[in-house]
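Using the hints provided, position chain Z relative to the given structure of chain L.
These protein sequences, in sequence, are chains L and Z. The first sequence begins at 1 in the working numbering and counts up by one. The second sequence begins at 199 in the working numbering and counts up by one.
Note that these hints are calculated values from the structure, not bench results. Please note that a few of the clues may not be correct.
No farther apart than 25 Å at their CA atoms in a straight line, the calculated lysine to aspartate or glutamate pairs in the DMTMM-like style are these [what the hints assert, rightly or not]:
| # | chain 1 | residue 1 | chain 2 | residue 2 |
| --- | --- | --- | --- | --- |
| 1 | L | Lys-33 | Z | Asp-264 |
| 2 | L | Lys-33 | Z | Glu-382 |
| 3 | Z | Lys-231 | Z | Glu-205 |
2 protein chains.
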Amino acid sequence: MASPAIEALVQQLARLPGLGPRSARRAVLHLIKRRETAFAPLLTALTAVHETLVTCQTCGNVDTSDPCGICADPRRDARSICVVEEVADLWALDRSRLFPGKYHVLGGKLSALDGVRPEDLAIEPLVRRVAAGGVDEVVLAMNATLEGQTTAHYITDRLEGLPVRLTQLAHGLPVGGELDYLDEGTLAQALRARRPVG
Amino acid sequence: MASPAIEALVQQLARLPGLGPRSARRAVLHLIKRRETAFAPLLTALTAVHETLVTCQTCGNVDTSDPCGICADPRRDARSICVVEEVADLWALDRSRLFPGKYHVLGGKLSALDGVRPEDLAIEPLVRRVAAGGVDEVVLAMNATLEGQTTAHYITDRLEGLPVRLTQLAHGLPVGGELDYLDEGTLAQALRARRPVG
Chain L
1 MASPAIEALV QQLARLPGLG PRSARRAVLH LIKRRETAFA PLLTALTAVH ETLVTCQTCG
61 NVDTSDPCGI CADPRRDARS ICVVEEVADL WALDRSRLFP GKYHVLGGKL SALDGVRPED
121 LAIEPLVRRV AAGGVDEVVL AMNATLEGQT TAHYITDRLE GLPVRLTQLA HGLPVGGELD
181 YLDEGTLAQA LRARRPVG
Chain Z
199 MASPAIEALV QQLARLPGLG PRSARRAVLH LIKRRETAFA PLLTALTAVH ETLVTCQTCG
259 NVDTSDPCGI CADPRRDARS ICVVEEVADL WALDRSRLFP GKYHVLGGKL SALDGVRPED
319 LAIEPLVRRV AAGGVDEVVL AMNATLEGQT TAHYITDRLE GLPVRLTQLA HGLPVGGELD
379 YLDEGTLAQA LRARRPVG
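One chain only, chain L, in its complex shape (with noise of 0.2 Å):
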């Protein structure tokens, strides 16, 4: 066995999502091996995300300042609000470079089952933000589940009589989804909201 410190570490490596006890030992080898190329590099960054994390007070994104880096962008449109679930569906979004507008981040999404209601979500600081004016579109970004889909329904009656135009991503068939495999809701949304050719 490794000593219990770097027993400790394959512990705390293991518990990261994608990462299991084997491959947890696996990284902690390699880290070991490369003290200087690998390990080094990677303490310093953890380090410098851990001492300098903030929640953006004004979107909710996680960022190394506040206002996060997308609020803080001038050349990003304020008109336009793109709401997420999470963090990461931001990121995701914003990695496709297409969205020119600035972010809410709602904190999760409501659900009966786990007990999320409308005041453990970001929705109140929306409805602020929106209501303070300078915004013509809330794009409503949540996943296409049941229960996104009952948070973008909350938004959409929480927004009502603001002089702001909803609108939602689109659903239908996935790039490169052949409708062999797609399951029956993806092509009913799909074939629902056919539109002309050319």
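Leaving out everything else, chain Z in the frame of chain L:
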């Protein structure tokens, strides 16, 4: 996009074996969302290992003390030395808890292709360790590869004339191995080394 500090951390994590860019990003999000319960303990564990990491001057194991925990353990039989290629092999064998002796890590295997010569491995220290006396058995636990077996042969030659018994790990069917799926080499080994029943 996340901040440069977070992106740098994702890149460092993505270099670990078993993690790619996607899973590294997921791991970072996992840490960010659990700053106290996951991020802080991981950072503490990494720092502890990084600061105390040392190679055992006796056996080549990597541990947080020198001599390592195994070499320093008086309950382990110093008359038996198990020779392995890498620290990872030592850990793997030791997890089986079946070997009560000490180890010797070569730090690789002989390889004409990669230009690894005997003097690049800890073979001379092994010979000195055995020649110093007090060793009854040397278990050659190289990988069952061409290079591993070449290394084992070389060590056998080098230890010739020393009053020590040389053994090697058994080769044959792996536990759960189905003949149908095993390569001819393994089957040939298993057949050649067949033993009387009961």
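Do the alpha carbons of Z/Lys-231 and Z/Glu-205 lie within 25 Å of each other, as the hint requires?
Answer holds: Z/Lys-231 to Z/Glu-205 is near 16 Å, not above 25 Å.
So if I understand the rule, the pair passes when the alpha-carbon distance is 25 Å or less; does L/Lys-33 with Z/Asp-264 pass?
It holds: about 16 Å lies between the C-alpha atoms, which stays within 25 Å.
Take the C-alpha atoms of L/Lys-33 and Z/Glu-382, compute the straight-line distance between them, and say whether it is at most 25 Å.
violated, 34 Å
In terms of the numbered hints stated before, the structure departs from hint 2 and from no other.
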